[in-house]
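Visitor: Residue numbers (our numbering), protein chains in the order written: chain A, 19 to 354; chain B, 19 to 354; chain C, 19 to 354; chain D, 19 to 354.
Calculated from the structure, these hints are not laboratory results.
One or more hints might be untrue.
Which copy is meant is left open, because identical chains are indistinguishable; a pair holds if it fits in one copy or across any two.
In silico SDA-like cross-links for lysine to any residue, where the CA-CA straight-line distance does not exceed 25 Å [unchecked claim]:
#1 K66 x V325
#2 K234 x T152
#3 K265 x G285
#4 K72 x R25
Number of protein chains: 4
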Amino acid sequence: MRVVEIRGSFGLDSLTVTDRPRPEAGPGQVLVKVNAVSLNYRDLLVAKGQYNPKIPLPLIPGSDGVGEIVAVGPGVDDWKVGDRVAGTFFQAWAEGELTDDRARSTLGGDRDGVFAEYVALERGGVVKVPAHLTDEQAATLPCAALTAWNALVTRGKIKAGDSVLVQGTGGVSIFALQFARMMGARVIATSKSDAKLRRVRELGASDGINYQETPKWDEAVRQLTEGRGVDHIVEVGGAGTLERSFKAVRRGGRVSLIGVLAGNAAGVNPTPVLMKGITLQGIFVGSRQMFSEMNRAVAQSGLVPVVDRVFPLEEARQAFAHMESGAHFGKIVLRL
Amino acid sequence: MRVVEIRGSFGLDSLTVTDRPRPEAGPGQVLVKVNAVSLNYRDLLVAKGQYNPKIPLPLIPGSDGVGEIVAVGPGVDDWKVGDRVAGTFFQAWAEGELTDDRARSTLGGDRDGVFAEYVALERGGVVKVPAHLTDEQAATLPCAALTAWNALVTRGKIKAGDSVLVQGTGGVSIFALQFARMMGARVIATSKSDAKLRRVRELGASDGINYQETPKWDEAVRQLTEGRGVDHIVEVGGAGTLERSFKAVRRGGRVSLIGVLAGNAAGVNPTPVLMKGITLQGIFVGSRQMFSEMNRAVAQSGLVPVVDRVFPLEEARQAFAHMESGAHFGKIVLRL
Amino acid sequence: MRVVEIRGSFGLDSLTVTDRPRPEAGPGQVLVKVNAVSLNYRDLLVAKGQYNPKIPLPLIPGSDGVGEIVAVGPGVDDWKVGDRVAGTFFQAWAEGELTDDRARSTLGGDRDGVFAEYVALERGGVVKVPAHLTDEQAATLPCAALTAWNALVTRGKIKAGDSVLVQGTGGVSIFALQFARMMGARVIATSKSDAKLRRVRELGASDGINYQETPKWDEAVRQLTEGRGVDHIVEVGGAGTLERSFKAVRRGGRVSLIGVLAGNAAGVNPTPVLMKGITLQGIFVGSRQMFSEMNRAVAQSGLVPVVDRVFPLEEARQAFAHMESGAHFGKIVLRL
Amino acid sequence: MRVVEIRGSFGLDSLTVTDRPRPEAGPGQVLVKVNAVSLNYRDLLVAKGQYNPKIPLPLIPGSDGVGEIVAVGPGVDDWKVGDRVAGTFFQAWAEGELTDDRARSTLGGDRDGVFAEYVALERGGVVKVPAHLTDEQAATLPCAALTAWNALVTRGKIKAGDSVLVQGTGGVSIFALQFARMMGARVIATSKSDAKLRRVRELGASDGINYQETPKWDEAVRQLTEGRGVDHIVEVGGAGTLERSFKAVRRGGRVSLIGVLAGNAAGVNPTPVLMKGITLQGIFVGSRQMFSEMNRAVAQSGLVPVVDRVFPLEEARQAFAHMESGAHFGKIVLRL
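Taking the hints into account, I'd like the entire structure generated from these sequences.
Guide: Take a look at the structure:
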């Protein structure tokens with residue numbers, strides 16, 4: 019089967035489309051024929067060796083894939099051939115809290131990922147996807163959407179009337195915008211592009227702030243909220259951004275620290291956290307249970323993920339380069 | 019000033035439109051010129067002596083009024099003449115939990131209500147109302163809307179994708195429908211009228227069940243939810259309904275027991291509560307803080323309350339009779 | 019191996035100590051040599067056919083057993099021979115919420131129980147027990163202790179300074195008393211025996227009420243709490259008791275409806291639930307995750323369960339009769 | 019009356035014991051004759067000008083005072099002469115969330131404090147103190163104890179069996195130790211003094227770590243928790259400590275960032291917050307409602323605060339110097 023591999027050494031140049039033997043569904047596993055996958059910023063970092071340089075190569079990258087079950091292994095009675103499913107980011111995190119053991123079960127990191135024609139997944143590591151979505155759309159859900167859902171809904175407990183700040187127009191931010199709107203919250207978005215700000219407004223944001231024109235965007239946020247600050251910030255920005263977020267969030271508000279983008283952050287002064295009684299919560303994707311709840315909401319609301327661009331698998335390297343450019347709005351997808 | 023009074027003895031015939039001296043704003047009070055008020059089922063019970071037959075008469079009924087501040091008493095610095103406000107159901111429940119003391123501060127029960135041209139309210143017993151609402155629309159908020167908000171949002175913590183059952187088309191139920199939709203939840207509604215079921219579908223309910231045609235509506239609810247039952251029920255129905263609700267709610271689900279409608283309930287078997295791990299929560303309107311949060315959500319979403327019919331104050335008795343008939347859909351309002 | 023069976027028809031006379039072939043550990047199972055088991059009121063109801071008369075006979079009763087793993091089945095890598103464990107009430111409820119499927123996995127009800135020399139349990143249906151407890155003591159934990167823990171800690175979220183009412187001196191009530199004290203709460207206990215009330219005071223209850231001498235014990239509770247009522251009631255009493263509990267709990271308080279004792283309740287008027295904003299929560303034992311958390315607390319605090327009396331397995335019928343008499347204080351245990 | 023003043027300029031040398039006219043109870047106020055006050059690290063920073071150099075001088079410092087009401091102002095009906103009370107840190111934060119307005123009502127910062135023979139306090143800014151405590155003991159509660167209570171109980175929601183790390187032996191840390199024990203949690207404490215570690219063990223800590231002998235105390239913490247890390251850390255340490263706390267807390271655990279000690283922190287790398295899903299929560303004392311709940315727990319448990327040393331008011335400067343030395347264990351008190 020055709021797969022994408024990081025081989026030899028890290029770096030985008032090491033991304034290779036090649037052949038591997040097709041895996042089989044072991045005991046407690048299902049074999050999925052993958053139809054579409056999506057890219058996350060984490061995949062970019064993994065490929066460049068910046069996520070975890072100790073990952074053994076070659077590695078098939080990718081945590082987000084959607085396809086059809088074509089075989090079930092021994093002992094699997096809850097799935098059947100023909101089911102359309104997505105894999106879960108953590109193959110071993112079904113519900114409850116993330117433990118150290120569960121944390122070591124990520125696709126495209128701890129084990130080979132889904133940028134492949136076939137992948138064997140744990141029976142407890144797949145979920146049905148909403149019927150109204152194409153494979154390309156559904157392939158955006160496992161990491162970015164679930165991260166936004168966990169931040170705002172599961173742990174954030176936002177409610178109608180709350181205000182949410184999203185930063186930029188990457189996958190997590192656009193999903194955060196969509197989920198916040200689905201829950202009746204107000205959304206303020208930042209971007210360096212007025213064109214992108216127009217698009218976030220079309221998606222329901224009440225306000226957009228061009229952070230190049232308005233470097234002190236925290237002040238703009240406070241003005242838009244009558245001096246109060248927003249209730250919730252989905253922080254994806256890394257160093258510098260976080261301290262500004264502490265200024266932009268209201269007293270007693272919540273900042274969700276997201277994924278690997280913030281990995282560069284250092285030198286942050288946490289004093290505002292205590293003086294303003296802020297809650298800073300780290301969000302690391304989510305469990306299968308959260309994924310199911312999110313899918314229920316997506317199905318019912320008819321939410322359609324924003325797909326920026328679809329590449330064929332053979333152009334995986336271009337897809338990674340496109341993500342690195344930062345030009346995208348929403349999710350980048352590979353079609354198999 | 020003109021007022022509605024329950025005088026002499028209880029009974030709708032005792033409802034009289036008469037004159038009283040205009041009150042003044044005492045220390046810590048504001049004087050509100052009332053422009054519109056709305057009726058609640060509680061007002062009907064109060065007038066008929068079924069709510070609390072020990073209430074001393076004459077009494078000005080009514081908990082829900084909206085108007086303009088025309089005077090502020092000594093020591094009031096947070097309100098000014100001209101502010102458009104609604105009174106709070108409990109004049110003394112600003113935030114936190116409802117205590118016995120706070121519970122004895124209801125308008126139109128523990129003290130004279132708002133069915134009057136002027137009313138003196140506590141500085142902490144008024145809130146600003148959303149600007150996009152007319153006085154008639156805003157007058158529907160203090161009791162019915164806040165009860166629904168408290169049930170589903172504050173204590174119910176519903177989230178997008180949840181399923182909610184609302185019973186009938188009275189004020190609380192229609193607000194519950196609207197808030198559930200605002201938060202991304204699915205709504206199933208019951209009514210004995212197909213015409214009303216059409217209207218709840220227009221308001222966003224996914225399904226309507228005619229409980230006269232389908233007396234075992236709990237079975238219909240389970241069918242609509244793939245055998246699982248709904249996550250949340252806003253129970254307003256009284257005897258008989260509650261036991262059926264225990265069947266219609268999912269294992270581990272939540273039933274909000276609302277206001278006085280359920281006052282007739284007796285002879286309920288609570289066994290399903292434990293066997294299914296149900297949470298049954300009594301909801302008694304809400305605090306001013308919840309009211310403010312609800313208004314923020316109403317303002318932001320542009321929600322428009324459903325006003326069934328507007329009567330002039332002089333026809334108060336007809337308004338009460340209209341509520342008693344059960345023919346209404348949404349809220350009944352009096353215009354001053 | 020020796021087992022207790024309900025055979026032929028329901029009734030205590032049908033309880034028979036007999037022989038069955040020793041089971042084996044199937045795939046994903048462990049085989050436990052049982053050293054001690056404890057009785058719950060549910061076992062009594064099951065035996066008498068009052069719990070679920072449709073249970074097929076013969077049945078080995080009993081949900082609570084402690085012993086040593088003597089064999090592990092294929093695919094089991096998290097347990098080893100020699101581990102001392104207790105079985106979980108629900109063999110399939112590891113964590114998260116109780117689903118319908120999981121609810122159908124109870125020991126001594128949905129499947130044969132633990133009143134046997136050997137039992138095959140799911141790998142996910144056993145937990146290690148605190149080292150400081152004897153087998154007889156540890157055998158009291160799976161149902162009664164976990165029910166009390168779930169009621170007060172997991173869902174009840176009690177904190178130091180809260181007041182808790184426990185009813186009678188059965189297993190759940192004594193554990194509720196012990197856990198409430200462990201969490202710094204005040205405990206008021208009821209009993210019809212002054213001798214038992216002395217013992218609950220020795221265990222840390224601040225007050226005891228003899229409900230035969232004081233049938234209106236709710237008034238006594240209010241007096242002891244300066245008219246306020248208690249924060250939490252662990253309701254095990256059945257019909258009549260629940261309505262009195264609604265009077266004894268404070269406005270906004272919580273009543274945990276426990277297990278099968280309340281199964282007789284009917285004819286309850288739920289009006290106080292709404293007028294006082296009470297939360298009534300059904301408690302059906304708990305998950306393995308809760309069991310582990312409870313064991314951590316038991317181990318750390320050194321809590322010792324109160325064992326009323328230990329019978330040899332051959333005297334199982336006498337043990338059931340002792341429970342039926344209501345003379346016990348704490349838990350009744352069978353030794354194998 | 020005699021008062022302590024920071025006069026002229028900041029610095030411990032500016033602390034002066036002098037005379038001022040006795041205040042009166044204004045409308046909505048009570049006049050308290052102060053019997054004992056306690057010092058907090060914040061008072062030290064205020065005096066040295068490091069807390070907020072813009073505070074106008076002269077200022078009476080001190081947030082924590084206990085005494086007797088000797089007069090009530092107009093409109094006060096909930097307090098009477100003779101009531102023994104403590105003032106609340108925030109005079110305007112009764113319950114609910116801390117708002118910007120409420121945050122500007124601190125004693126000994128935004129307004130004159132309690133290091134004085136008499137102080138006029140808001141009717142809503144005092145609470146009754148537990149009867150079993152002396153004035154000196156009760157004077158330790160308003161800031162340090164409430165901070166620990168809020169961190170662990172109100173927001174931390176610790177439960178029996180949880181593990182808590184406290185740092186050093188200052189007021190907040192010792193109260194955190196005592197409250198954690200009251201709630202059935204395990205406590206690990208750090209100090210640079212073996213003598214102090216012996217004392218924390220006497221107070222119930224299971225383990226003490228000398229951080230001078232063991233600079234990598236996070237590794238010791240992990241060893242003591244079987245590699246898992248603690249559930250909760252009460253972080254008072256400032257720069258450097260916080261990053262180590264991120265290592266010592268378990269995946270999904272909680273770090274409470276406390277008061278001004280941490281004010282020096284800078285240059286913190288927040289990456290572990292997201293990779294481990296940590297919740298970092300800023301704690302800024304608490305509301306009067308929390309204070310009342312804490313007092314209920316203190317009264318019921320009979321907890322006795324640890325008073326390090328009592329100085330007469332005239333030796334206020336020595337008391338500040340004693341705090342600055344760091345030699346204390348528990349709270350430093352001034353007697354009037």
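Visitor: What are the numbers of the hints that this structure violates, sorted from low to high?
Guide: Violated: hint 2 alone.
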